[in-house]
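For chain A, the structure is supplied; the task is to place chain B on it using the hints.
One-letter residues, chain by chain:
There are 2 protein chains.
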Amino acid sequence: MKFSSKVQRCGLSPMRKFHPYAVAAKAAGKRVYHLNIGQPDIETPPVYFQAIRDFSQKVLEYTESPGIPALIRQVRSYYARLGVELSEEDVLVTTGGSEAIQIVCNCILEEGDEIIIPEPFYPNYNTFVCTAGASIHPIPTTAEEGYFYADRARIEAAVNEHTRAIMVTSPGNPTGVILSREEMRLIADIARERGLFLICDEVYREFVYGGEELSSMIQFKGLEENLILVDSVSKRFSACGARIGVLISRNRELMSHALKYCQARLSVATLDQVAAAALYTMPPDYFTATREEYKRRRDTVVSKLQQIPGVVCKCPGGAFYLMAKLPVDDADKFQQWLLTDFEDHGDTVMFAPGEAFYATPGRGKDEIRIAYVLKQADLERAMDLLKLGIEAYNRRG
Amino acid sequence: MKFSSKVQRCGLSPMRKFHPYAVAAKAAGKRVYHLNIGQPDIETPPVYFQAIRDFSQKVLEYTESPGIPALIRQVRSYYARLGVELSEEDVLVTTGGSEAIQIVCNCILEEGDEIIIPEPFYPNYNTFVCTAGASIHPIPTTAEEGYFYADRARIEAAVNEHTRAIMVTSPGNPTGVILSREEMRLIADIARERGLFLICDEVYREFVYGGEELSSMIQFKGLEENLILVDSVSKRFSACGARIGVLISRNRELMSHALKYCQARLSVATLDQVAAAALYTMPPDYFTATREEYKRRRDTVVSKLQQIPGVVCKCPGGAFYLMAKLPVDDADKFQQWLLTDFEDHGDTVMFAPGEAFYATPGRGKDEIRIAYVLKQADLERAMDLLKLGIEAYNRRG
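For the record, the sequence lines run as chains A and B.
The first sequence begins at 1 in my numbering and counts up by one.
The second sequence begins at 1 in my numbering and counts up by one.
Hint data in this document are derived by calculation from the structure and do not stem from the laboratory.
Among the hints, erroneous ones may be present.
One copy or any two copies: either way a pair holds, since identical chains are not told apart in the list.
Simulated pairs of lysine-lysine, DSSO-like, Cα-Cα distance not exceeding 30 Å [to be verified]:
#1 K17 <-> K58
#2 K325 <-> K375
#3 K325 <-> K365
#4 K30 <-> K58
#5 K2 <-> K221
#6 K365 <-> K30
#7 K58 <-> K26
With the rest of the complex left out, here is chain A:
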């Protein structure tokens, strides 16, 4: 039987592909410290569960394809607090930020098209871009420069006649890089000058550790036709399992095409929408404690990493990820070995090997992504395990 050439070009998730080895390691009695998946351990606000308990309709019906009015209203209020007035038509509720990205790719990309994305990037972007028949044109970065990419010459060097869009994630997954106001403006200018869509994945907006004000690309004027925003409750409210995201744009034609997809899949899960609306009633200072917790974790991970000989890691400004360059030949082999051959007092550690975060062949082979989503003591132990693992791996015959 023949399969789509597009799906054959896609790979399994680097965050999830070592799952079977982890299962085997656990079955063999090992404790695995998971730094591979961005699953926060912060409690989901109880209003989420309460809203679902309070749901009293007897028939669990489809909702409106664009999302329930109560949730759209809450999303608009949230953006109003950032100084952004959105109309109802500017917002479509999606099944996680993932679906928003998938819909956007299907609306604006097709065979032979390119989308500019700084690499390393969130690998699932590649699946969505590939499925649409297009490819990622990466903006190269280096670990030594802290994965910096917001430079006019570098970005413009990637633009050609196939380019349809620039996509940025800020705060960044997997690098933790955050764009300054000036860098955001630069990228916005390039998108406008070149007539490109600008897709901004801002699901980590609150996760900034330098005292920065909350910001969004949608705060800039004159970007109405270009800007497409992806947002989600997953990280903001530690509600990954809700699968509630939004697609925001003032480009009417884009939104009318996106609505076709929303209608084709009928609606987003009803109870999760109701409960997500409740999440947005959390007071604005709800996030303060979470931010402090993550800042502490980042500082722990970075300081521990920088103490490992041969590791390259600049301190990132946001999100809860960082990329690091390791003194190993191949992070994929190293990860597998950590699960099958290594342990320290019964413990081992898991991260996401770097290669799948790159479009350029051969790049990222000695890099890993770390998600610092564990409690302080566990994080410290995990970083110690990484250090011990590197030493043992490089000592083995």
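Only chain B this time, still in chain A's reference frame:
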């Protein structure tokens, strides 16, 4: 800005495109009887809501990308009762049956490919096929023959070098047509002989009104490489808003490609999976009352329709839809007129105009799909409104 040529070929949902007119009609004080959407009014089993209330984890986490083991186990038990042994790897949980179809289309179709589907068909199939770059090659049917399509010559006439798959929905949406055991075997034979995938959307399996035993294409032997099954809790348990479906196949390569998509969108909503597992604990006779209720409704609608002069409608065997041919020039215009210009004692009626259910240009213009999802008295009133509407529409100057 340029958009994908594929999305430009897709249309808005015929079930949902008159929504703004319905809103306006209601705002003007009209009562609208909705026969346009397959939203059952049957109560969702309370175990659904109870399972969610009992959920005690404090962090709403992502689940496994293929779905939670508890739900996969329940799906396997359900199929075991149909005499079908599924392994864990044969099942992927999806965000509604819709996502299952979307994933399958992306895995097996690409530019220039064709998929054979009897027309009229569920219009959202077209969006998923189109997005994958392929097109629907319809098997023509007629209202006069009760939309019969399970004929070797008719199906084989549609096969060519571009054909990748045959897709059938039984019991059928929008026609209510059900395949007999022999017809199923015929279609299975053709798929196997021609080396085609056979995609079976069986989400209405329980909705059969002639005393038929529950059946599935997966009960046939020797179809392991060809068969792809789409199923869902939406209709079976009146839980459309759960957005929980499954993709079932024993074709290992297909499932490995499908898993890439499942991983890219991370997971299906956690609480809805937990609650859907609870739905499958309903006793096998749970469905008896529902089936009787729908049978009564079907009989009401068919007998009322057959009394309207000029209407063509054969009594269908299953699902809760039927297609009917009306004595009007254009069902789209007629629907709009019913919402804007018609009322009887403040009431009007809404159905899904037929054109979007066809791939062949010009076909279906005088047909409508009716979803008989209202209580008996409301259904009778709705059919009377249809009769009055047809008369008034054809009398207008």
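A quick look at each hint next to the structure:
no.	hint	in the structure
1	K17 <-> K58	between (40 Å within a copy, 27 Å between copies)
2	K325 <-> K375	within (23 Å within a copy, 65 Å between copies)
3	K325 <-> K365	within (9 Å within a copy, 62 Å between copies)
4	K30 <-> K58	between (46 Å within a copy, 25 Å between copies)
5	K2 <-> K221	between (48 Å within a copy, 21 Å between copies)
6	K365 <-> K30	within (26 Å within a copy, 65 Å between copies)
7	K58 <-> K26	between (42 Å within a copy, 23 Å between copies)
Of the numbered hints listed earlier, not one is contradicted by the structure.
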